[in-house]
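Each residue of the sequence shown is one higher than the one before, counting from 1 in this note's numbering.
Don't read these hints as lab results, they were simulated from the structure. Possibly wrong hints are sitting among the right ones.
[Claimed, not checked] DSSO-like cross-link-like pairs, simulated, lysine-lysine; straight-line CA separation at most 27 Å:
hint	residue 1	residue 2
1	Lys79	Lys104
2	Lys91	Lys79
3	Lys155	Lys314
4	Lys104	Lys126
5	Lys324	Lys210
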Amino acid sequence: MPKNSTKLFFIFLIIFAALSTTAAENLKLEIIIPEQLTPNEEYNHIFKIINTDFKRGSHFSINATVSLKITSENFSLNKTFTLKGINWYKKPRLEPPFIPAENKTYLICVEILNSSINDTNQSDDKLCKTAATNNETQTLETENSTMPSPAISIKILNQNITFVEGETIFFKHIINCSSNFSITYWIEDIYGNIAKAKRNTTSLSKKQWKTKAYSQVSPYFIKSILFCERTNISVSATFFVLKIQEEQNEQSAEKESKRKTSKDDCANEISIKAPSKGSFDNTINVAMEIHRCKGRKRKVELKIIDRYNFTIAKTKLNINSMGKFSFTVPLNIPPCSYCYSGNYTIIANGLNTNTSAEIFLEQQVQHPIRTSTHTSNKKELVLKAKKMQLPPKEIYSKQTKRIFPYLFFTLVGILPFIARRR
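Sequences are here, hints too, so could you generate the full structure?
So, in structure tokens, the structure goes:
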């Protein structure tokens, strides 16, 4: 009997351990460094990796390898983290810390290279985000504002600074020069290679360039030099190009003719894969697959709406060629004081088709002001003091006092009958 009981005890422990360890199926990344950086400040925590299957009381021990890349003009940082024993989430520490310089825009990308689980949702395994100390494209001077003389700035005229490969970027120069001037401008990649050749101009009209991608996320820099009053002033602006992964290759003229004959039978398609959760004042990555086979329309709009059909965040893409394309689009969700925590709808609309997905957005918790809590506490103390000063409540009500004499005389009348029976 003791041996059997010992065996049963160990079997129970094994079953309990198996039940308490739950299989995880999804890891996701979140970049926690702010979009507005402080120059010369040390940043040790750039991102965190989250186990979305974690629940209170469950236990996980997940291993993962994550790569971190931070790039900017004349700057590149590559780091690989080996993370062990992930239960809910982990925020790895970067040593030495990342120290941003002044007037710089940085592209921060993290990617899960491998993990010890079967990750079923790989759309949130790669994430990119832009961060800047003084973002030139957002803090530019306008034509009517006062600028020191001489001065120059670059204004990107597109709505976003992230483009899909093949989309055209428009920009112009804003200067302050009281005499004759000339501008030399060009575009180069992060390695210093010239993408748009140097040109000299004396015109302030808008310029344009059809974007190209040399990597999955390609940083570019518009560089300009103003020559005014024997002074040379340099300035640059940063933008990023997303590479399109083409799944359809035109291999022969025969396949091309078949594609043309079946063009009328095909249909444009858009599909999206978005993370299940997000938060305001943050950026999410939406994986998109687009099949464009007919029509002249090229624009695809990606936006988030609430239950009242109000737009919370949006971005636009241009699909300039026919084929099947897949890419990851970063969608910035701005802070929203009047928005609620709950389910929102992500809609991809364009090419005469649309699709949607659900996402849960979490509002940042606003802590109550201390003064209000102090006043409420004071009110509660005053009410308690008043209650203590009130006279003690009467034990009997008025109705009880009225009934009491009748009960007394009834009891006196019953006593003789009880005595006779004894």
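To see whether the hints hold, each was checked on the structure:
no.	hint	result
1	Lys79 x Lys104	holds (20 Å)
2	Lys91 x Lys79	holds (14 Å)
3	Lys155 x Lys314	holds (21 Å)
4	Lys104 x Lys126	holds (23 Å)
5	Lys324 x Lys210	holds (20 Å)
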